[in-house]
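Asks: Here is what each chain is made of, one letter per residue.
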Amino acid sequence: MKLIVPLQSVVQGRNGFLLGSLIPCALFYFLQLYLKRRRSNSSNSSNNNNNPSSPSSSSPTPVLPRSSSRSNLSSRGSISRVRVSKLASILSKPDDSLYYIGLDRVLQDPYHVFVNPNGIIQLGLSDNKLCLDLIEKWLVKNLEGSVMGNGDMNLSINGIVPYQPFDGLNELKIALADFMHQVMGGSVEFDPSNMVLTSGATPAIEILSFCLADQGNAFLVPTPFYPGFDRDVRWRPGIDLIPVHCRSTDNFNLNITALEQAFSQARKRGVKVRGILISNPSNPVGNILTPDMLFSLLDFAEDKNIHIIADEVFAGSTYGSEEFVSIAEVLDSEYIDKSRVHIIYGLSKDLSIAGFRVGLIYSHNKTVLDAAKKMSRFATISAPTQRLVTSMLSDKRFIQEYIETNRNRIRRVHDEFVDCLTKLGIKCAKSSAGMFCWADMSGLIKPYSEKGELELWEKFMSVAKINITPGSACHCIEPGWFRICFTTISFEEIPLVIERIRKVVETCKSSS
Amino acid sequence: MSLENKNHQLLSKIATNDKHGENSPYFDGWKAYESNPFHPTKNPQGVIQMGLAENQLCFDLIEEWIRNNPKASICTPEGVNEFRNIANFQDYHGLPEFRNAVANFMSKVRGGRVRFDPDRILMSGGATGANELIMFCLADPGDAFLVPSPYYPAFVRDLCWRTGVQLIPVQCHSSNNFKITREALEEAYMKAQEGNINVKGLIITNPSNPLGTTIEKETLKSIVSFINENNIHLVCDEIYSGTVFDTPKYVSVAEVIQEMVECKKDLIHIIYSLSKDMGLPGFRVGLVYSYNDEVVNCGRKMSSFGLVSSQTQHFLAAMLSDNKFIDKFLAESSRRLRERREFFTMGLEKVNITCLPSNAGLFFWMNLRSLLREKTFEGEMKLWRLIINEVKLNVSPGSAFNCSEPGWYRVCFANMDHETVEIALMRIRAFVNGRDKGKNIEMKRWKSNLRLSFSSRRFDEKVMSPHMMSPHSPMPHSPLVRAT
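Chains D and V are the protein sequences, given in the same order. Counting from 1, one number per residue, gives the positions in the first sequence under the working numbering. Counting from 1, one number per residue, gives the positions in the second sequence under the working numbering.
The set of hints was computed from the structure by calculation and includes no laboratory data. Among these hints, one or two may not hold up.
The calculated lysine-lysine pairs, modelled on DSSO-like cross-linking and capped at a C-alpha distance of 27 Å, are [claimed, not checked]:
(1) Lys-86(D) / Lys-191(V)
(2) Lys-19(V) / Lys-272(D)
(3) Lys-86(D) / Lys-301(V)
(4) Lys-272(D) / Lys-86(D)
(5) Lys-13(V) / Lys-268(D)
(6) Lys-71(V) / Lys-129(D)
(7) Lys-301(V) / Lys-129(D)
(8) Lys-301(V) / Lys-465(D)
(9) Lys-86(D) / Lys-13(V)
(10) Lys-446(D) / Lys-459(D)
(11) Lys-465(D) / Lys-446(D)
Quick list of simulated restraints, FRET-style, between CB atoms [said to hold, decoys possible]:
(12) Asp-133(D) / Gln-258(V): 21 to 27 Å
(13) Pro-110(D) / Lys-265(V): 32 to 38 Å
(14) His-181(D) / Glu-374(V): 57 to 63 Å
(15) Pro-110(D) / Glu-419(V): 51 to 57 Å
Bear in mind that the values here come from a model prediction, so they are computed numbers and not experimental data. The beta carbon of each residue, even a glycine, is placed where N, CA and C say it ideally should be.
Just chain V, same shape as in the assembly (with noise of 0.2 Å):
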């Protein structure tokens, strides 16, 4: 047999499964933006990356802050005295100024009407770890969790993948502008139950990825009804929290419990991160916060698989205890975001495309259904491959977030300048105003790159797991995957 034949077949099942969730056709739009990336000068008609969740408008203020606190970073005059006490610190509680600055961190966003415990934070590898931490602590392998759909693409990979744990969708509506209801949760556990699924809890994304919006606190309270009469555990990917920009206020499960004292705070978990709020996705700082005790105490331990650089944890310490910074930076950073997307999203009402309203995060749930030849996910991914090629712009389709309903996409605005919102607005205009005057702007023909996930073979109407494995091939100097 051939070496590689017997390469593979000496690795583990986790190994060679597709449950990363690399392969999937979503992935297509990154590799065409990365062999054609736009730059306003180099590259001015190349793919503009609009799939990327990342917060870049409020770098100067991390700058000016870095410039004028030395002492944060062990790499100043000011600072280097502190670096014999860090340099051997690998204790998986965490340096204790750290913890305690997160924690009054946590409670700022929150606007003060929570305190967080700091011995309850645990530190993993940016949230993707902290998700599959919680995870390993939560459920075994063949455990599920129910997820609302539309959902992040790469829960499969976090959740899944080396835990063995399973997820069922709770599907939301448009007609309802994608609300989860009780009915909706009761009907996927009850199916769950029947098909003698052990469910093991719920994971909730508040602020939502894809959609921006908020949980409304009556939401929420059902929720927590739902999962305390169930008895099962409720985890909620609170990191976007900080990108509130609008009303309604936010409100994070950390306070609903304060006010159900009969649910048992054993079930609640937060997960959260400095990525998005913060924009500071390359210290790579996940948090996972508890009510429960087990799971502090055994996730503590395994954050020894992705323990934050006593470097970073000695910076943020400074930086996450600055109040004044952190009040600033906070009210800015909504300013910017929210002016960011009323820009854009006016700009698009011009050619008459609609948005779900949402008031946080770093994209927007962008309805593209009167532009659908035909309203299926065949129709949804022809437009999205249409969009990527002749448009340029590299946005997600709903398919990819597990969406019911053909149509929507998600269109990420906090990553780029002023000037390329602009020449985004522009291309879409031309498309748009292209498309309704009926004009045939057919593909001439598909980019042989975009090909490289499919076969020959028409798509199915659910894209999302493909079985064809796409050709390994790296990209230095980019991530071939990124998060979304």
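Here chain D stands alone, though its shape is the one from the complex (with noise of 0.2 Å):
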């Protein structure tokens, strides 16, 4: 609840103290407290009859904010009512992320180029789905030796259905850790027995935020960021996220000073920060670090103490010219305490099964391996998918094809997609890697301001029909830009995309 003063009776000194500024607070004050009370007492009532879950715009829900942590929230209800936690009181709300409810109103009203073609478009989840045919084609080829075999791998039907080692099998480790070692230029070894695997790089997130900081501490990570961060911090682990704002002038890129200024505001707000969260290649913007930089984060997790999380999901999809530098090669080069750095990884992006659940945490600190070991009990990858993967990883010519191919299409869509937006007057923060462009559309939003970027975004989605993610979805800190997935689409399909903008920035454009 907002305790507002109003300023200009003081301010300006009309009516005295008493009239002028102590009895309008008050009254105001009572009134924000009356609507909260009524407020509850309607949600408490509607939550008692079975709601069903669909999103609705209609009633207010009680936003997670995005800066606090879970024991700033105050609990609701009264004693014959069933209690759930205060988690899900929460959660179980419709979510007021754009980023959600966007991929809400896709699956209502999901574009299919026969069935239905005037549909939304889904352009807001970073899925590839360029490379799917190659996959398939390995499956077709290769199927005897993928699941159910005899013979040099134990595939027998024995092998996959009992109890398997809860990290992982070491088949697939060694798999992953040759896959890692192409898929990031060749320069850098991982070595097996540093990784856990998890059912997918989100309860990778989830578990090192367990491991490395209690409830109530945070993490500092760079603005705009995933929204996916949000949840996997967040929600369970309990951990806050103090947003480093980066920006335009600088292309979104880190700096140092930012991150201290960051850390020394939380230091005096008494809030302890654990580490800091990075995604390189940067989602949403599709930058990657440079070694300077990288190594400037690690002098300044040393000094700090605190830990690095590095999500390097997005390690395949370069096409720019610059070179993807994994921070685990930076880490080799140098005596640097490399307890504190610990890599996420996952095979949704770069080997398009984001369906499978694939992923990992690689560290170099034992301690923490051996706590993550312990909470993959709860996220296992499933026997069958580590036998498939295993499988298709060790075709060495194949994966080498596969990156190549992957790395060209990628490249091939992204190109012609900023080209078109070049065109059409949208400019894309420059970027090197990811499946996504950052669109800079300021120029299009009345006003310059949050309400302005949520009027544009409901404009893509109900008159455009396509779904992208506003940046405030990102946290970021200046209005106007969006997210833009080009990998749900197929190169043909770009025309189709481009024209529905079209639309709605001539509308924009017309009505300014």
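Put the complex together from the two separate chains, hints included.
Replies: Rendered as structure tokens:
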């Protein structure tokens, strides 16, 4: 509840102190109290009915404040009402983030070239559909050995059905270490015994959060950032994310001064910062951290005695001229305390198999690995999938071809897309990797604020029928930026998408 | 300060406490097994694993089904065209056909007496993940859940470790076959309230692990009344519901609340999994079924932390909707389980070892009180170490399950073939006969690796929560700790 002091009468000193400021303040305060009580009463009664889960925008929902920890939330509910956990009361409400609302809207009216050509085109999920045909071809050629076969790899049913090592099959770890080595340019080796496998990168981030910080602590995170971090770090681990704002003038590159400032401000507030969470290549901007910046980050972390969590899931999707350098490579080259750096990786982006749930934590810190291993029991990769993926990754020739083709196709779509957007007058941030462009639509929004951005988002959704992610969902400090994913459509569908965007652009231009 | 100390300091409290439960002496049995595993030809003197509740009796049926249904797997010419549809599918609602199939299967396991709504089914990373997820949805850190003892040891990890929830045991006794009584529940609940502990609910396992018994309908109704009156949640872990092989007929809480209209359905939640009934623990299919909308909405979002692989969902959608196969499988599995249990327990009776009468589960609850030199938990642990060391069987001591009385041991019987069962029986018979004749079969020495978790001090009566850290020795190629 906000405590807003009507400033005008105080400042201007009209009607004296009592009438001019104290009484209006008190009245205003009581009004808010009354409204709040009324709101919680009506949500109380609606909770007791069987409310379906459809996202409704009508009732006001308590927002999970972006920068406060769980301990700030007050409990509600009367004695006789069935009480769930505080977390559940909040999370069971419809999402208020446009990232998730957008995904829901697409589900209700999804575009399909024949069945529903006027549906909403999904450009808000960084899924990679460009190379599924390659994998399908490989499956067709290699079926016998993939899951159920006999011989070398003990692939009989007895091998896949019983309990397995919870942090992943050793063969899969070896295969993943090789894959990471290849995908990240071949300049750094990964040791399989430093890995804990998890069912996707999402639980990997959550597990690291549980291991590295206590409830109420915080991580610093450069903005704009992947909306999913809010979920992975805040929900159950209860760790706060403190934004470190990056600006378009720097092409949204991180700078250490901003980190320093954020750290000391946090300290002043009594918040304990336990680590820095970065994505490299960055989601949603698509830029890559230079080796220099990586060294600076390491120095900073060393100085403050905190961890670095580096989410490198997009390492294989580089298309620009810059080369991707994993933070693991930088650790190799100098004597640095390796124990504070932890890498998140997964096959959802670079190998297009998001549904199969294959992720991992990579760390040199044995204590972290040990704790993470135990926690991986909550998120183990399904055994048939482990076998299938091991088999696929062991086919070195296929993987080499896949990595190259994937890069080329991403580059092709990216270049074309950015080109078309530029022709429409929309500039994108300079990026070298990722499956999306970070587009500057600030010229199209009115007013130049989050509200204007929200209105433009709605226009794209309902008029253009495309789902793109607004910068506010990524905590971007400057309004008007949007993330547009281009790997969920084919090259041939680009003109269709551009045409729909053009419609909105023209509407905006004509109304201004 | 040393690097390791510095490292330790940098980690969270959760990462450095031992609520994960893996330091309990109970796991020494695992270590003994893993360092010397039995094999009929390669290592016939090794330790036989009887501490793992895994259902391996019906692999052949599953294999046969897979061979006859190539479309179910995306790794066959018939099924590969489905690959593109599921490769990117990570919607936390889950594949609709998967949820429908699961609802269908769950209904079949309960004899068709209840129907389940596919929209209330949530996925999670195995029953382990499901148990944790429901706690995050129902309780805040510091809240408590009542749990009847004896109970599954890893509840401590699953329900308490990352959630901050605490468990309050409700003692059950052999005098009435460890049944849960209303009095015991009320006593535990009242004591908690007096201690200012906020009890959020009760978690029961039905069929029970480690007892192997199912809860009678009247008792279940009484439990439901209890939680309803006190407005606390009831979580029913029904992961062994498909392993019922004898009368009394299984009654699920889902059936009971159909009859008890006055019960607030919002309080009822079921945990399920395919690891025990279907013998597919490697697939990591954990499920939460809740009658509470808030829990469903919240839990569904939390599924992201333990989604079932879409490849597995796709496969199971086909298998679990094959009604003919399911009927045959459940009937045959029950038959084989009953046969196996009977063979084993009759063999034990020949040397006067009795077991708690049970009609479900992959294990039985063996009574070795007559063999204890002292009727204490220390005596139980001594006998247990003897059994591991000399008899070379890894069974699980009752104290690991927080049992109120010493002398009980859980024996798993469904994770081995018939010959191995015979060998195990032979060893037990030899041991009992030797002990009866008063021969001194004291241990020559304790195997050094069994001392890993213990200092040289004497044991307390209750050895449930040791304070020492066991050395972190990762064992490659096999889990240090397996589910029980």
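Asks: Hint numbers the structure violates, sorted upward?
Replies: 12
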